[in-house]
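*Asks:* Heads up: the sequence lines are chains Y and B, in that order.
Per this note's numbering, the first sequence starts with residue 9, numbered consecutively.
Per this note's numbering, the second sequence starts with residue 3, numbered consecutively.
It should be emphasised that the hints constitute simulated quantities derived from the structure, not laboratory data.
Warning: the hint list may mix true and false statements.
Think about it this way: if two alpha-carbon atoms lie no more than 25 Å apart in a straight line, the pair counts; the simulated DSS-like pairs of lysine-lysine are [to be verified]:
hint : chain 1 : residue 1 : chain 2 : residue 2
1    : Y       : K26       : B       : K69
2    : B       : K47       : B       : K69
3    : B       : K47       : Y       : K35
4    : B       : K47       : Y       : K26
5    : Y       : K33       : B       : K116
6    : B       : K80       : Y       : K25
Computed from a predicted model, the values in this text were never measured in an experiment.
Each chain is listed here by its residues.
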Amino acid sequence: MFQQSFFQLGQYILFIKKVFQKPEKLKMYWIQYLKELASLGLNSIGIVFLISIFMGAVLTIQTGINLENPFIPLYLIGYATRDSMILEFSSTIVSLILAGKIGSNIASEIGTMRVTEQIDALEIMGVNSASYLVLPKIAAAISFFPFLVIMSIIVGVWGGWLGGCVLTEVLSTGQYIEGLRYYFLPYYVVYSLIKTSVFAFIITSVSSYYGYHAEGSALDVGRASTKAVVYSSVLILLFNLIITQLLLV
Amino acid sequence: MIKIQNLCKSFDEVEVLRDITLSFEPGISNLVIGASGSGKTVLLKSLVGLHEIDSGSILYDGRDFSKMNFRERKEIRKEIGMVFQSGALFDSSTVVENVMYPMDMFTQMSPEEKLERANFCLSRVNIVNANHKFPSEISGGMRKRVAIARAIALNPKYLFCDEPNSGLDPKTAILIDNLIQELTQEYQMTTIINTHDMNSVMEIGEKVVFIHQGKAWWEGSHQDIFETQNKELESFVFASKFQVHINQLKKASGG
Chain Y
9 MFQQSFFQLG QYILFIKKVF QKPEKLKMYW IQYLKELASL GLNSIGIVFL ISIFMGAVLT
69 IQTGINLENP FIPLYLIGYA TRDSMILEFS STIVSLILAG KIGSNIASEI GTMRVTEQID
129 ALEIMGVNSA SYLVLPKIAA AISFFPFLVI MSIIVGVWGG WLGGCVLTEV LSTGQYIEGL
189 RYYFLPYYVV YSLIKTSVFA FIITSVSSYY GYHAEGSALD VGRASTKAVV YSSVLILLFN
249 LIITQLLLV
Chain B
3 MIKIQNLCKS FDEVEVLRDI TLSFEPGISN LVIGASGSGK TVLLKSLVGL HEIDSGSILY
63 DGRDFSKMNF RERKEIRKEI GMVFQSGALF DSSTVVENVM YPMDMFTQMS PEEKLERANF
123 CLSRVNIVNA NHKFPSEISG GMRKRVAIAR AIALNPKYLF CDEPNSGLDP KTAILIDNLI
183 QELTQEYQMT TIINTHDMNS VMEIGEKVVF IHQGKAWWEG SHQDIFETQN KELESFVFAS
243 KFQVHINQLK KASGG
């Protein structure tokens, strides 16, 4: 078990070393990067929008229900929604969702290329297949995920207003806005974006690793896809703890 | 010219290739035949470095590929074209993009020059009006021919074909065989073809190597096969009832 884990870790480090090599032709990598921006980034806007709006709404309603105390001002509901979205929901939860959507997509795409010998074809042409296939994905995810998180924060806060002020009328719009403006620390946004960039790297590199090392048949590609999602999610949770400890405590 | 000296390759405890010494000349079709699991594909993949060999050497016109580092191998690989059993075309690219890919990656040609070269390679393999189709939209035979067009796009010195006509009907298979032979002679490439198709052997087998139990068991031309006393080769060649029947007819007629 431990031996296998160390073997996997070593193989992952060698894989990352192979990914971060000088590109054969920058223009080709740039084209791939643009394609990945569309595939990994733009195609995820819909799901992030949907999740964030519901997350924000539920968060406000639940906080409102639990703060039914005359000594606690209602504007704190808006404050709690804002900070929860910034600190945890928009970065960690959205990344976990994206690990499922993008992680499985990457692992199955690269895994299929492996079992149909497309990766071998690239290697024989003299192309560093790991770098050509994976580096643009990592770059696209790291550069686009922060925008998704900022969008998620904005949409989540809007969803909170919809849920708390329009649908259930737990608090008034004025109270909600006062809460949103109360004791705002811009550093929390920076912390959230740093976390997101690390999660973007984890999702793309771990999923690519499992896809790249898939062997055999379609069944193995499916297994690689499952492993990619599971290990990406576990690593996101682990690094969430580590980064929080390093940057907030 | 490709020379293999004392090549050995094993996976875990299983020896797949055992002390293979061979040489392949340019301008002729070199066929490697053998039963499924005999080690043909492992030999081909070892030659291009997709499998690391345990011992021995592989010489590309005197350059020892087995002792090269990653960067040196990349340079040699630019001189290699390979046609995989499945074709291995890039699913997300069209036919013409597949053929243009090596030029996009390794040359400074203008888009017009690349398109012209791609169209020439495609016409060379008799593919017309399919430039904008995706691999999933064309037949198996066409996929193989597009793979050949991609393999010859950069005028390779060495061409490797892993069972290029498997899964094809006899007529299309012969077309593919003849095409590879023509291209080999035209560009004076060193071509190695893995096959277990006896039609291919009879059609283009200028040099035939029989691999059995991981060893180079027999070498000769397609004419020599009928005169061989090698029992393993005989049992491989005359395994089908059709071949047995032809052999009986030949013996009966004194041929």
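*Asks:* Each hint should be assessed against the structure and marked as holding or not.
*Replies:* Results for each hint:
| no. | hint | in the structure |
| --- | --- | --- |
| 1 | Y:K26 with B:K69 | holds, 20 Å |
| 2 | B:K47 with B:K69 | holds, 16 Å |
| 3 | B:K47 with Y:K35 | violated, 30 Å |
| 4 | B:K47 with Y:K26 | holds, 20 Å |
| 5 | Y:K33 with B:K116 | holds, 16 Å |
| 6 | B:K80 with Y:K25 | holds, 23 Å |
Figure legend: structure checked against the earlier numbered hints; the only hint not met is number 3.
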